[in-house]
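Colleague: For the sequence shown, my numbering assigns the number 775 to the initial residue and increments by one for each residue that follows.
Since the hints were made in silico from the structure, they are not lab data. Every clue listed holds true.
Pairwise CB distance ranges (calculated):
#, residue 1, residue 2, range
1, 936, 868, 20 to 26 Å
2, 865, 792, 33 to 39 Å
3, 922, 978, 30 to 36 Å
4, 952, 822, 25 to 31 Å
5, 919, 964, 19 to 25 Å
6, 817, 1000, 42 to 48 Å
7, 986, 844, 34 to 40 Å
8, 940, 794, 47 to 53 Å
For each residue, glycine too, the CB sits at the ideal point set by N, CA and C.
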Amino acid sequence: MPESKDLERLVRARMTKTGESYTAARAQLLDKHSRETVPSTPKARYAQVAGMSDAAVQNKTGRTWVQWVGVLDAGEAHAMSHRDIARYVHEQHQVSLWWAQTVTIGYERIRGLREKGQRRGGGYDVNKSRTVPVPLHRLYQAFSTARVRRRWLPDPELTVRTSTRDKSIRFRTTGGDGVEVYFQAKGEQKSQVQVQHRQLATPADAETVRAYWTEALARLTVLLSP
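Using the sequences provided together with the hints, build the complete structure.
Modeller: Dropping the structure here:
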């Protein structure tokens, strides 16, 4: 994005050349800048790059990847932080927290804002999910209640930062990593958890943590299964 003084100069020059209002000239310049600086992925590859099929994302959010990219580009999401994009999708488009995260990550991959597994700005994230044959509230309690959590997740020591009952929990590990957990009902007696372990330094760290959560969620399933 041009610096404010440079942008002001460009806007004034365009106004003189085209006769547009300040608002219209500024909007045209910003749109041109976004088209020139945001990497382009062929539309036919959106689902592949995002890591989620068109059918699945449309079924849960009402839009295909092409439609989501159009909506988010129009909202200048490429200039937002990950958290702001997810909040925008959740609050402005009435998408659940779970699927808002999925849409955000897919959009960032499509627009070249992150590699698969990589965070915006560097570092790596690990994402693991598991469906467990228990009601949503029981799955949530297995994470939110320290006594229960230690039965299947003895380490790392997790500190709850924020939580929304039966929807999400954010933890911090003793090493400073961020762990975000999202919950979704899949029926009266079945629910799903998605774990995002963030701020990992290297791909090797990410693979180690991925294996750790694979084993941990397997232990959780055994603990909760009838």
